[in-house]
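**Q** Work the whole structure out from these sequences, hints included.
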Amino acid sequence: MFDSIGFDLDGTLWSSMNCITSSWQRVAEGYGLPLPTDEQIRSVMGLNKIDLMNKLFPDLDKASAEKFFDEATSACVAELRELGGILYDGVEETLAELCKHFKLYVVSNCQESYMDAFLSYHKLGKYFCDTAFEDSETLSKGENIKKMIAKHGFKNSLYIGDTQGDKNAASAAEIPFGFAAYGFGTVDGYDYKFDTFRDILSLIDKK
Numbered sequence: 000m001f002d003s004i005g006f007d008l009d010g011t012l013w014s015s016m017n018c019i020t021s022s023w024q025r026v027a028e029g030y031g032l033p034l035p036t037d038e039q040i041r042s043v044m045g046l047n048k049i050d051l052m053n054k055l056f057p058d059l060d061k062a063s064a065e066k067f068f069d070e071a072t073s074a075c076v077a078e079l080r081e082l083g084g085i086l087y088d089g090v091e092e093t094l095a096e097l098c099k100h101f102k103l104y105v106v107s108n109c110q111e112s113y114m115d116a117f118l119s120y121h122k123l124g125k126y127f128c129d130t131a132f133e134d135s136e137t138l139s140k141g142e143n144i145k146k147m148i149a150k151h152g153f154k155n156s157l158y159i160g161d162t163q164g165d166k167n168a169a170s171a172a173e174i175p176f177g178f179a180a181y182g183f184g185t186v187d188g189y190d191y192k193f194d195t196f197r198d199i200l201s202l203i204d205k206k
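With the first letter of the sequence shown counted as 1, position 190 gets the number 189 in numbering that gives the first Met the number 0; the numbers rise by one all the way through.
Source of the hints: derived by calculation from the structure; they are not laboratory data.
All the pointers check out, no bait thrown in.
Taking lysine-lysine pairs in the DSS-like style, the calculated list, with each CA pair at most 30 Å apart, reads:
#1 K102 x K154
#2 K54 x K66
#3 K205 x K125
#4 K125 x K102
#5 K125 x K48
#6 K192 x K99
Estimated spans, in silico, between C-beta atoms of each pair:
#7 S119 x E38: 26 to 32 Å
#8 A149 x E111: 17 to 23 Å
#9 G31 x K54: 16 to 22 Å
Beta carbons: idealized from backbone N, C-alpha and C, even for Gly.
**A** What follows is the structure, given as structure tokens:
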């Protein structure tokens with residue numbers, strides 16, 4: 000069975016909507032742009048930064064979009080370092096048990112500072128053998144998953160996420176996909192489905 004399990008971050012391990020919407024709205028106000036709603040923010044979770052900005056603010060030129068994204072990310076990370084996000088029910092207990100049976104890792108399209116805010120506030124780094132954030136050159140989560148697998152010599156890995164982008168990334172890495180149905184998105188297919196984070200423990204019985 001599996002020797003390793005990879006996780007997406009937003010919509011899979013936690014929700015940081017408590018900080019993202021408020022921080023992005025403050026930055027948008029400073030730019031004189033329409034304030035993004037919770038629904039709009041949810042719709043772009045998991046996208047790389049270019050696709051995200053194109054969807055939220057399609058009229059911004061490239062330079063302004065990059066500047067906006069950097070400012071919004073900094074504001075969001077500052078809030079997350081102070082307040083944390085909202086872990087899904089049972090995350091820490093489930094990770095503590097899973098890491099006894101599998102190598103666990105995180106691959107997300109987030110920025111390095113955002114990943115660090117997650118790990119430092121919630122003290123979950125001890126359960127993961129490695130983490131990876133957005134590759135600024137390829138913007139490809141699939142490539143990051145492949146690099147993670149090659150780096151650690153994993154032979155049979157599963158990637159768990161909540162969006163079509165996560166499913167596509169697992170397909171690009173040629174590994175099975177587990178759908179976190181409790182998260183933000185929908186997908187066109189999956190190999191495994193988890194209605195709660197605790198449901199991932201069922202993989203132990205299949206090992």
